[in-house]
Structures are given as C-alpha cells and as structure tokens.
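Enquirer: Start from the sequences, fold in the hints, and give me the full structure.
Residue 50 in this note's numbering sits at position 50 of the sequence shown; the count goes up by one each step and never skips.
Since the hints were derived computationally from the structure, they do not count as laboratory data.
Here are the simulated DSS-like pairs of lysine-lysine, each with C-alpha atoms no more than 30 Å apart in a straight line:
id : residue 1 : residue 2
1  : 35        : 54
2  : 64        : 54
3  : 46        : 35
4  : 35        : 86
5  : 64        : 80
6  : 46        : 80
7  : 54        : 86
8  : 46        : 86
9  : 46        : 64
10 : 54        : 125
11 : 117       : 64
12 : 80        : 54
13 : 80        : 35
14 : 124       : 54
15 : 117       : 54
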Amino acid sequence: MIELIMGVIVLLVGGLLLQPILDKRQKFKLSRDDKQIAADELLREKIALFREIKDIELDFQMGKLSEADFDELTTSYRDKAMQAMKQLDSLNGAKMKPVLQPDFTVPEAEQAGYCIKCGSAVFKKAGFCGVCGHEV
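Expert: Written out as structure tokens, the structure reads:
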C-alpha cells in the first residue's frame with residue numbers, strides 16, 4: 001500500500017515539474033493563428049510571382065516571347081503581386097504605400113544612340129547595351 005501511495009506522489013510531483021515545459025510547447029503551437037498562416041501564404045505567393053516576373057523578363061530578353069506576350073504577362077503577374085502585397089499589408093495593419101515604377105530610360109544628355117540589336121537607348125560611355133549586352 002505504501003508503494004502505491006509513493007508511486008502516486010512521484011507521478012504528481014513529476015507532473016508538476018513537467019507542466020511548465022508542456023505549457024510552453026502548447027503556447028508555441030498555438031501562437032501561429034490564422035492571420036499569421038494567411039500572411040505566410042501571401043508572402044510565399046508574392047515571392048513566387050516576383051520569380052515568375054523575372055523568368056518572363058529573361059524569356060523576353062532571350063527572344064522566347066513577343067513584346068505583346070511580354071507586356072500581357074508582366075502586367076498580369078504584377079497586378080497579382082500588387083494584390084498579394086495589399087492583402088499582406090492589410091493583414092499586418094499597415095497602409096499601402098504607393099509603388100513607383102522604375103524609370104529605365106536614359107536621359108537625352110547622356111544618350112549616345114540606340115543599340116542596333118535590341119533598339120534600347122545606350123549611354124555615351126557605355127561599351128555594351130544595358131539590356132541585351134551587345135557591344136556598341
């Protein structure tokens with residue numbers, strides 16, 4: 001009978017000692033709520049869309065896509081990426097900041113001419129086209 005009482009006491013003491021460890025594990029598992037899961041999915045989607053845009057740009061530069069297809073695909077993927085970023089910001093409680101489109105045009109004062117291979121404007125001091133890499 002004493003062994004049984006001692007066994008119960010050991011189990012109770014062991015349970016009390018392990019409870020803080022088990023509580024921390026439980027809190028860690030529950031800390032990822034639905035909002036965080038949705039934010040992670042949107043972040044993955046945004047990254048995948050940006051990679052796809054880079055692939056489309058590379059395919060266009062290699063001549064695998066026509067300019068019309070390139071414009072259509074990049075517009076579509078950029079719109080999807082912007083939607084994902086807006087949703088991500090709304091989940092995080094941040095206001096959407098305006099995104100400026102980069103200007104890849106060469107100022108006229110620094111422009112020497114155009115690349116004979118791709119037609120892009122090139123700088124006076126440039127030895128190669130910045131778009132296709134052709135020597136100018």
